[in-house]
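Engineer: Residue numbers (the working numbering), protein chains in the order written: chain A, -5 to 95; chain B, 7 to 487; chain C, 10 to 631; chain D, 64 to 570.
Bear in mind the hints are in silico, worked out from the structure with no lab data behind them.
Please note: incorrect hints may appear among the correct ones.
Said to hold, decoys possible - DSS-like mimics (lysine-lysine), calculated; alpha carbons at most 27 Å apart, straight line:
id: 1; chain 1: D; residue 1: Lys548; chain 2: D; residue 2: Lys469
id: 2; chain 1: D; residue 1: Lys109; chain 2: C; residue 2: Lys35
id: 3; chain 1: C; residue 1: Lys34; chain 2: D; residue 2: Lys518
id: 4; chain 1: C; residue 1: Lys377; chain 2: C; residue 2: Lys446
id: 5; chain 1: C; residue 1: Lys573; chain 2: D; residue 2: Lys362
id: 6; chain 1: D; residue 1: Lys518; chain 2: D; residue 2: Lys171
id: 7; chain 1: D; residue 1: Lys362; chain 2: C; residue 2: Lys589
id: 8; chain 1: D; residue 1: Lys216; chain 2: C; residue 2: Lys589
id: 9; chain 1: B; residue 1: Lys486; chain 2: B; residue 2: Lys198
id: 10; chain 1: D; residue 1: Lys167; chain 2: D; residue 2: Lys420
id: 11; chain 1: C; residue 1: Lys35; chain 2: D; residue 2: Lys510
id: 12; chain 1: D; residue 1: Lys109; chain 2: D; residue 2: Lys518
id: 13; chain 1: D; residue 1: Lys510; chain 2: D; residue 2: Lys216
id: 14; chain 1: B; residue 1: Lys486; chain 2: B; residue 2: Lys274
id: 15; chain 1: D; residue 1: Lys109; chain 2: C; residue 2: Lys34
id: 16; chain 1: C; residue 1: Lys68; chain 2: C; residue 2: Lys11
id: 17; chain 1: D; residue 1: Lys109; chain 2: D; residue 2: Lys216
id: 18; chain 1: B; residue 1: Lys274; chain 2: B; residue 2: Lys198
id: 19; chain 1: D; residue 1: Lys171; chain 2: B; residue 2: Lys451
id: 20; chain 1: D; residue 1: Lys469; chain 2: C; residue 2: Lys214
id: 21; chain 1: B; residue 1: Lys203; chain 2: B; residue 2: Lys486
Said to hold, decoys possible - For the chain B half of the interface with chain C, some residues (derived, Cβ under 10 Å), not all of them:
id: 22; residue: Leu212
id: 23; residue: Phe224
id: 24; residue: Gln227
Stated by the list, open to error - Restraint ranges, calculated between C-beta atoms of paired labels, are given here:
id: 25; chain 1: D; residue 1: Asp219; chain 2: B; residue 2: Ser35; range: 51 to 61 Å
id: 26; chain 1: B; residue 1: Phe56; chain 2: D; residue 2: Asn514; range: 54 to 64 Å
id: 27; chain 1: B; residue 1: Ile205; chain 2: A; residue 2: Gln54; range: 14 to 24 Å
id: 28; chain 1: C; residue 1: Ala591; chain 2: A; residue 2: Ile61; range: 52 to 62 Å
id: 29; chain 1: D; residue 1: Gln417; chain 2: C; residue 2: Val27; range: 51 to 61 Å
id: 30; chain 1: D; residue 1: Gln417; chain 2: C; residue 2: Thr74; range: 39 to 49 Å
id: 31; chain 1: A; residue 1: Glu88; chain 2: B; residue 2: Ile205; range: 47 to 57 Å
Owing to the predicted nature of the structure, the values given are computational and were not obtained by experimental measurement.
Even for Gly, the Cβ is constructed at its ideal location relative to N, Cα and C.
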Amino acid sequence: MHVGLEHYLLVSALLFCIGLLGVIARRNLLIIYMSLELMLNAANLAFVAFSRFNNNLNGQVMVFFIITVAAAEVAVGLALIVALYRRRQTAHVEDLTTMKL
Amino acid sequence: MNAPLMILEIAVVLLGLVILLADLWTPPSQKQSLGYIAAAAVGLILLGSFFIEAPQARYACGQMYVMDDLALYFKRFFLLATVAVLVMSVEFADRIEAGISEYYALILFALSGMMFAASANDFVLVFVALELITVTFYILTSFQRSRVPSLEAGIKYLILGALSSAFMVYGIALVFGTANTTNFAEIATGAKAISAKPIFLLGLLLVLVGLGFKIAAFPFQMWAPDVYQGSPAPTTAFLAVGSKAAGFVLLLRVLFSAVPEVTVSWTKLLMIISGVTILYGNLCAVPQRNLKRLLGYSTIAHAGYMLLGVTAMSVAGSYAILYYLGGYLFTVLAAFTVICVVMRAVEGDDISAVAGLHQRSPLLAVTMALAMVSLAGIPPLAGFFGKFLLLKAVIEKGALQPAYYWLTAAALIGVVISFYYYLGVVKAIYWSEAPADQPALQISKPTRFSLYGCIAGMLYLGIFPNDMVEIALHAAQALKL
Amino acid sequence: MKEALPWLILFLPLLSAVVITLFTKKDRELSAKLSIGAIVGSFALSMLFIALAGWEPIKQESLVTWLGVGELQVDFGLRLDALSLLMLLIVTGVGSAIHIYSYGYMHEDRSMSRYFASLSLFTFSMLGIVLANNFIQMFIFWELVGVSSYLLIGFWHERPAAADACKKAFLTNRLGDFGFLIGILLVWSALGSLKFSVLEIELAKNPDALGTLATAAGLLIFCGAMGKSAQFPLHVWLPDAMEGPTPVSALIHAATMVAAGVYMLCRVFFLLNAPALAVIGWIGGITALLAALIAVQQNDIKRILAYSTLSQLGYMVMAVGVHAPSAAMYHLTTHAFFKAMLFLGAGSVIHALHHEQNIWNMGALKSKMPITFWTFLLGTLALSGVPPFSGFFSKDEILVAASHQNGVLFALGVLVAALTSFYMFRLIFVAFLGPAKSPAAGHAHESPRVMTLPLVALAVPTVLAGFWGIENLYGKQFGLVEEAHPSSWFNHLFEPFNHAPLAALAGLGALVFGLSAAWHLYRNATRDRLPETFGVLTRVMQNRFYFDEFYATLIANTQDLAAKAADAFDRWIIAGLLIKGAHGTIELFGRALRLMQTGNLQTYTFLFVAGVALVLFYVFGR
Amino acid sequence: MSTLTYILGWPLVAATLVAFIPRNYRFTIRVIALAATGLSMLLAIKLFSQFEVGSAELQFVQKVSWVDALGISFHVGVDGLNIGLILMGAIVAFAATAVSWEIKEREKEFYILLLIMAGGILGAFASFDLFFFFFFHELALIPTFIMIGVWGKGADKNYATFQITIYLTAGALIALVGLIALYLQSGANTFDIIELTRHVRANPLSVNQQHFIFPLLLFGFGILVSLWPFHTWAPLGYGAAPTATAMLHAGVLKKFGLYGLIRIALPLMPEGARSWLHVIAFLCLGNILYCGLVAIRQKDLNLLIGNSSVAHMGFVFLGIASLNLIGLTGAVMVMVAHGFLAALTFGLSGYLYQQTKTLRIDEMGGLLGRLPFIGAALIMAMMAGCGLPGFANFVGEMMVFFAAWKTFPLVTILAVWGALIIGSVYMLRAIRNILHGPLPTTWEGLKDASNPWRKLPFALLLASLLVFGFAPRLLTDKIQPSAEKILKMAIGASAPQAKAIKTARTD
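Please construct the entire structure, taking both the sequences and the accompanying hints into account.
Structural biologist: This is the structure in structure tokens:
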């Protein structure tokens, strides 16, 4: 079986959807955050695949950017979640509803 | 590279680093005033920006970065906003336990992100600039770590922001895959061939989702009230002005520089989004009692108004947005500066906190009242002329497509509803039952100047719109609509 | 000089009113003198003018265009002919007497300045009506007369009765003016002008110019007269108007203002066609009878005179209705003299009795107030139509005209004449003769000279006006010149019996009948025996045929009801339901929409994704 | 600089000046406000006397380009239509400032707002640029809201403030949309009314466009003028407003909508106007009859006056609806007259309130004895209100009736009923219950306006009413040529209609 662009894209789309599902369905902030990273990686996969099949290296450059940014985001995000946990002893989204309406 | 073209951004980033470094040698009691130094320096950079001219678009970083009138307009806009936000931050400093210098530095880094966004001519730069803004804002929103609302705002902004980034990145990937480039100009030239491809459209839509999140347009507005409410006041102000404006400049660039043909076919979609955003923001604000949250809803509505200019698909609409943002800058900064000063002593941001403000500080009362009136869009203030231009741009199109009239009607209904709650704030300030003997409010000199500046700006843009119209018009013409 | 005179006559009273109001309000004496001086001056100037210019109509009418926009041209001009000149003399002459009288009557009142200012304003307005040469000008002064009457009736405004009376008078008059104005609009739109002279020429050229609306126009204009001259069914205000000071009643509600309606009808007589005149005649007749019947059972001296005035006004209007405007004007003239005098006499009595107005508390005033009594008696004789007093001649002319036109109206006229002499002599017998019926009546004194002098002055024309040839002047005005009678006054006295014996004799018979009935019932009476005899009828008469009650119910059931409905609609439907409803809806929407902002991150992410799905569906799904 | 610029400029300059004066210099603030409005008034009188009668051209013009890109310019001038309004506005502004001695707290802010309002009002009527026309109106509107809110009276104050705000801004926005649409559809690329008119005469708007824009202006402006059934804000708002605000708003600012209809809607959209005239004619009955009836039932003096002021607007609408020379001239006349009248009545009711602290009609009574001057002035005002000759209102209303008679006889009859009967019913009822009758002991301590300064505003307004009532040609001769010009455009478009009205224009 020849693995073509469509297959990569399909996987990437699946990854994206799995991540999305995780974001919507999970309640723990850490898991949500991991799901988000999954979604970013889905994009990375798509980029790399496009880059490979279109013979355009720009896509791979973009992937580096994304990875870097994601790393920064994770650093900040985890710090925040930790700060929250220390304050409230919880990392569940239901407990984060002091502001509403 | 053509680095000299990016001198403003470089200066801002350097300034941020300098502030961080200076923090090491500054005694703790003096750290607050680093903010004034930063503000002054940003002011200087702003002055310096007037030595730069961009009659012709110039490019840097391999066409990724563009320097034209539009970019310059927004850079000055962001610089000006930052000056006021920094002054406000100093006012706010005593409510931040630690790391005030970092707070200033982060503001400056966010500023640099916004300035890059203003010059974005490539999806890569769009992404990087946006992330630079967003990531710094995660920190800025949750800077009062000991306050749960601030943390909560940070987390919410983090999760939703990351979600929208994910959509956007995925969208960019799809666009890249179909167009085989991320550069706006190249996409524009090749758009005819690819604009029928659903994948390309899907990618573009996902990018728009990301931008819609930035400007808090319906249905991506959920974060706005919570984050506005929970964040420190300067952050909220910066979010309302800077982040939103960055979203708009990117929206304009993407829609009108990269894919004008596609944009036209999405007019109806944009109109619906604009109309619903206006109505949603205004309706939700009506029963609101928390001042910052109220302004959060109100900024949703204002995003809707500015989207009117986008839907018009014309130079008139675009420069109306630019003009509107100009007025909006002074107005929102004025409002948040007042909130920042008034809320110092009060826990919670209920409207009742401003009750009787006119006795405690006439200047603050007048500023807030003017800001509300300007947001409501009444002459002789900036908000009026901006709305006037936006409505004009939309009605202009009405002759071709009657749907614009419905949009106008929705906008009008929104404006009328908004009077109700804006006036409620004015009422609270001037004629509500207020607890007696509240202490007079002390306002520091820089804040005072910043307030005067905001008032002058609101009045100037409202009464003498000519110069600003010319500038905005020039800037909008860079879009080649 | 000659041209300026009429203007001076017109504006002198206004000048005095303005000067009093603005400058001399503090000085009561000076104010009074100014006002008196103004009207006496006007009177003198009027006579001077007539001496200079004679009675011939003066062609040059307009001096200025008061308002000129497109087709609407309103002049401010003076129409000077026999009709207006005579009226001018009556108004200024009788007015002078009453002004002087007022000086005595009102001397104690601390608001005398206001009184005289209003009186001067009234004089100005009345002269304006008289001299008006077009409809709008007349309407303007018509309204001004209404308002000055309002001010004077309500002069003692702290008395609730007076305050109510002036309001009622104004409103009733307004009701008439409503018709009047519509009538003016009708005439203007059909004939294109408002000027009497132009209208007269137009109508002479083309009698059908008004077309089918002729009758309506005539009747609508008559509405104005109905209000001002208190004709049935708008007569209710006049008796109440007696709440004003007595000189006011004499001047306004007897001699001049109420006559304005009749004057106006005569002025626009050319506009009225036969069907309209028939209606006018009947209304006049009914008013005359109704008022006379009511007068029979009134006990307040001023009210008796008020109803008598009503009745006589009905007479005059009836005269117009039977195509005899000159008779109407003739009667108007004589009536002005003697009725003013009667009112002033009544005022003198009231003044002497310290504001006692019930005739059953009077009596035996003949000897204590001789001048008042004799002049009052002369007035009564004239009013009842005793030859050779002026009233006889004028009343006779009306009866003659009625007998030519309409037998029923003639009979009605005779009946009214009988009633008139009955109630007037009842008044004389009860109030002046017989025993004193109250202590106040026992201590009465004659009024001061300043009050009796005008009485005497007015007595002269009361007695002699029948011999001055006034009817010929009017006759000429209306183009009914009969051959001149170069006869002596003696011949003149018997001329009615030769000319139309039926009418004259009927009138005389009625007089005798009324007089003897009054003699029989009220000579030396201390109480009224009539109610015992007639029961229900007198009660109805006492209660003025329940018109006030009827109107109160009518108004309550129509206009007040409509006002209530409108108010309720405004309050509940518009302000309540629509506005509060809209507000509530918006608030509700706001509260409902923000339920989306649950504060839960999971909801937000879900909504976010749903939003994305929605957008995607919108673009791709359709 | 044109005199006109000074007329509207002085109050605005004074407002700025007052902003820099410390708040405890109360007397100085008051003097500055009085001086500025007084100066405006004198200049307006001078302007009025120098106005060249018989010309339909703009006079005292000043034009400064403002926003080049949009064709907005600061363009002021007078012709027959607005000369009376400007004079009236300046006099009322002065009177309103003069009665404001009753304001005791936060005077500085009050006078700033008052002066802005005055300047805005005069600017709105002087402007010949659509943008500034609207701009100045809104400029005057905001102080209205704040003044009602801060210095207003009565339990319904807040509700009234919100209602008046929402109504008026909604009306103004609808009108704004209409104006913008007009600007865009005309294709003239100018907001200048004169140039726009010229352009539209050469290239008329299509019937469709007219049918679309005219109702926007009609109802937008209509709401501002309290056209039935959009009137409920007016009595409520005026009832709660401080005296000076009610005087300025009810007297002058409210006429803005009517002025806009005559100045802009009629000449530029003749077709649109024609198809809506009948609607206007019947809606005006809502004002005249319905609001008159509502006024009869009011228990609060200000609500009564407010409703009556709404009712009077009906006559102007009727004059406009009749669409002929007499009607338009009459409509302008009523506008001017009612301006003086409304200011006068609200001024007097303000005085009464200041003295008695109540406006409930049944609680007063017999006040004429204690307050001879105020009482007499109130009687005169009420009389003017029910259309008594001698006052300017009579002339205007009369002209409206004459004008409307040919087109709408039935409506005219009902309107006459409203003017003569319903008007006098409520006016007289008010006089009877407030001024006449015995004086309750409660009110024995009341003080009349004895000081000439206190009398001045009322005397001034009364005198103006009387002057134009006695010599209406002072005004009508000025209005007529301009009205004719407007009319020519409004009916010139189609031949048959023009013929029908032609008779009305033979002079």
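Engineer: Please list, smallest to largest, the hint numbers that this structure does not respect.
Structural biologist: 2, 15, 17, 29 and 31
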